[in-house]
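S.K.: Each chain, letter by letter, is given below.
There are 2 protein chains.
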Amino acid sequence: MSIVVVGSVALDSVETPHGKVQNALGGSATYFSVSASFFTNDVKLVAVIGEDFPNEHIEFLKSRGIDLEGLEQVKGKTFRWAGRYGANLSGAETLATELNVFESFSPKIPDSYKSAEYVFLANINPELQLDVLRQMKNAKLIVCDTMNLWIAERKEKLLETIKHVDILIINDAEARQLTGEQKVDMAARKILEYGPSRVVVKKGEHGAITLTDKTYFSSPAYPLKRVLDPTGAGDTFAGGFMGYLASTDDVSEQNIRKAIVYGTVMASFNVEDFSLNRQRILTREEIESRFSEIKAITEF
Amino acid sequence: MSIVVVGSVALDSVETPHGKVQNALGGSATYFSVSASFFTNDVKLVAVIGEDFPNEHIEFLKSRGIDLEGLEQVKGKTFRWAGRYGANLSGAETLATELNVFESFSPKIPDSYKSAEYVFLANINPELQLDVLRQMKNAKLIVCDTMNLWIAERKEKLLETIKHVDILIINDAEARQLTGEQKVDMAARKILEYGPSRVVVKKGEHGAITLTDKTYFSSPAYPLKRVLDPTGAGDTFAGGFMGYLASTDDVSEQNIRKAIVYGTVMASFNVEDFSLNRQRILTREEIESRFSEIKAITEF
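Protein chains in written order, with the working numbering: chain R, 7 to 306; chain E, 7 to 306.
Pulled out of the complex, with its shape left as it was, chain R reads as follows (with noise of 0.2 Å):
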């Protein structure tokens, strides 16, 4: 089955205490195809680049498969992000955010891409997200993330959004932010009182955990001896989810808490690197690995 992502593309500059980066391949719609591209070879993106876009990373997009009708290349520069990780890896403090051609990003989908049965709304302005669920008329499955300046400043617009999705990802401290309640559990259990059928929040170190109204799933992280750059760890994670629900077409509890779990695998190797450097080597037998490990180490 097809998958649309709609989200960004960017050129990221990342300070971790491990090392540096400066416009790196990045972005949240890019983490998500690539992560998904393990997984299925229909995966079609939506975003926009300016002309100092690297051809290079083009040409890396499509050597995984990724359908890239949907990328607009516009007059002007790249969205550029820079960002700086403390000691702890949790959490980067923003240095720099040039908009650039996201600015004026209205995401524009192909007509070839209107049949896609599985829609995923990276972290964009809620406005944006609802413009893309106009157009999509025909999805079976539509995932929403995403992210704090949202919550705070167009919250109204995102409970708007939420209404009409099928599952929200999302992390534990916007989780918090979004609800007011302290308690993971707590609220994950009142995003489902706005309208999805399903939530799942990302609880970093602490894994991940899936509820619907009558069921709950509790994956743990993979355990990492070393984490190097954590940008990009979310939508990749989204990335594996959906690219593996795609895959199979099948979105039954069974199968979702598989996908949470080939969710967590990717998130897993993505820190392991700086930008998509740890995908760019990975292999599906890798993956397989760490799905049989996550396994091993929740049984009892």
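Check before you lean on any hint, since a few could be wrong.
It does not matter which identical chain is meant; a pair holds if it fits inside one copy or across any two.
What the hints assert, rightly or not - Simulated pairs of lysine-lysine, DSBU-like, Cα-Cα distance not exceeding 30 Å: (1) 163 x 231; (2) 169 x 231; (3) 196 x 163; (4) 26 x 146; (5) 264 x 209; (6) 209 x 196; (7) 231 x 161; (8) 26 x 196; (9) 264 x 81; (10) 196 x 81; (11) 196 x 220; (12) 231 x 220; (13) 26 x 264; (14) 209 x 220; (15) 196 x 231; (16) 301 x 231; (17) 143 x 26; (18) 120 x 231; (19) 143 x 83; (20) 161 x 26; (21) 83 x 301; (22) 143 x 220; (23) 231 x 209; (24) 143 x 114.
Hints in this document: simulated from the structure, not taken from any laboratory.
Dock chain E against the given chain R, drawing on the hints supplied.
M.R.: Just chain E, lined up with the frame of chain R:
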């Protein structure tokens, strides 16, 4: 197999957003031994109380089959603690600590206790923990707890104790404080270098992990809908953990994992009411039912 627990028996005054109790039964050894008593009828308690200690509490402990030969009653008042929990119910603010008879507590292990195979050193001054270790030469498994106070003020003695125990049970904040590592996994690995062959880290709403050099296990917390009072959750966890181990006399990795889940289950009941009130009406069937529920929410 027998378990000896050395710790405090106290009278607690606790305030949470859901209510309050005054001079209610509390103390680390109390929570531990009542919890363990659901698995084995061979729990031997070592602690001190004053003349004011209500006889009804002694009757309650006896009704749970706990051996009180090591419960010394001396002149003076019982150890009292008063604390208040804020809206998110994580971490109490201590309002008052009256050590009273606990101030000069010097654990005397009755001869009839000295052949016990399982020993739990609840959270007391590490010098006293070392003293107990010297008196319990035949133990098969020594498990130790501690708290932020001793990490801050008696770190050297604490490290000496930790060196001589088999398992350290600690919460996530204490693990960070003890090791200086911000990530729980890293902190846990560092603790293994201090001497114990296994570490258990309790992570509150995020469950618990246990590591050895070669193994890793992650258990979720039981998804509670309401928490009334977290006091004693850690000792109740330890009591379920060791109670199950002693009752099966099996410290294999597989059985340790089950013990962690039983600890999790016992802690989940404890926080549903003030003091040990939930334990007063708890049944083994309810325990088994939550054990199965945790299995169900982790399977994929």
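S.K.: Are the hints correct? Go through all of them and say.
M.R.: Evaluation of the provided hints:
For the homomeric pair residue 163 and residue 231, the shortest alpha-carbon distance between copies (29 Å) is at most 30 Å, but the shortest distance inside one copy (40 Å) is not. Taking the shortest Cα distances, residue 169 and residue 231 sit within 30 Å of each other only across copies (23 Å), while inside one copy they are farther apart (39 Å). Taking the shortest alpha-carbon separations for residue 196 and residue 163, only the intra-copy value of 17 Å comes in at or below 30 Å, while the best inter-copy value is 46 Å. Taking the shortest Cα distances, residue 26 and residue 146 never come within 30 Å of each other, neither inside one copy (40 Å) nor across copies (50 Å).
For the homomeric pair residue 264 and residue 209, the shortest alpha-carbon distances inside one copy (17 Å) and between copies (24 Å) are both at most 30 Å. Taking the closest pair of Cα atoms, residue 209 and residue 196 come within 30 Å of each other both inside a single copy (17 Å) and across two copies (22 Å). Taking the shortest alpha-carbon separations for residue 231 and residue 161, only the inter-copy value of 26 Å comes in at or below 30 Å, while the best intra-copy value is 37 Å. In this homomeric assembly, residue 26 and residue 196 come within 30 Å of each other (Cα to Cα) only across copies, at 27 Å, whereas the closest approach inside a single copy is 39 Å.
In the homo-oligomer, the alpha carbons of residue 264 and residue 81 never lie at most 30 Å apart, since the shortest distance is 42 Å inside one protomer and 61 Å across protomers. In this assembly of identical chains, residue 196 and residue 81 lie within 30 Å of each other by CA distance neither inside one copy nor across copies; the values are 43 Å within and 52 Å between. With identical chains, the CA atoms of residue 196 and residue 220 are at most 30 Å apart within one copy only, with a shortest distance of 14 Å there and 39 Å across copies. Taking the shortest alpha-carbon separations for residue 231 and residue 220, only the inter-copy value of 13 Å comes in at or below 30 Å, while the best intra-copy value is 35 Å.
Proximity of residue 26 to residue 264 under the C-alpha cut-off of 30 Å is found in neither arrangement, the shortest distances being 33 Å within a copy and 43 Å between copies. For the identical chains of this complex, residue 209 and residue 220 are neighbours both inside a copy (21 Å) and across copies (25 Å), given an alpha-carbon limit of 30 Å. In this assembly of identical chains, the alpha carbons of residue 196 and residue 231 lie at most 30 Å apart only when taken from different copies (12 Å versus 34 Å within one copy). Taking identical chains as interchangeable, the C-alpha atoms of residue 301 and residue 231 lie at most 30 Å apart whether they share a chain (18 Å) or sit on different chains (27 Å).
Taking the shortest alpha-carbon separations for residue 143 and residue 26, neither the intra-copy value of 42 Å nor the inter-copy value of 53 Å comes in at or below 30 Å. Proximity of residue 120 to residue 231 under the C-alpha cut-off of 30 Å is found in neither arrangement, the shortest distances being 42 Å within a copy and 41 Å between copies. When the C-alpha separation of residue 143 and residue 83 is checked against a cutoff of 30 Å, the pair qualifies neither within a copy, at 32 Å, nor between copies, at 72 Å. Proximity of residue 161 and residue 26 under a CA criterion of 30 Å is satisfied in neither setting, with 34 Å inside one chain copy and 36 Å between copies.
In this assembly of identical chains, the alpha carbons of residue 83 and residue 301 never lie at most 30 Å apart, being 44 Å within a copy and 51 Å across copies at closest. Within a single copy, residue 143 and residue 220 get their C-alpha atoms as close as 27 Å, which meets the 30 Å cut-off; across copies the closest is 51 Å, which misses it. When the C-alpha separation of residue 231 and residue 209 is checked against a cutoff of 30 Å, the pair qualifies both within a copy, at 17 Å, and between copies, at 19 Å. For the identical chains of this complex, residue 143 and residue 114 are intra-copy neighbours only, at 14 Å inside a copy versus 75 Å across copies, given an alpha-carbon limit of 30 Å.
The earlier numbered hints that this structure contradicts are 4, 9, 10, 13, 17, 18, 19, 20 and 21.
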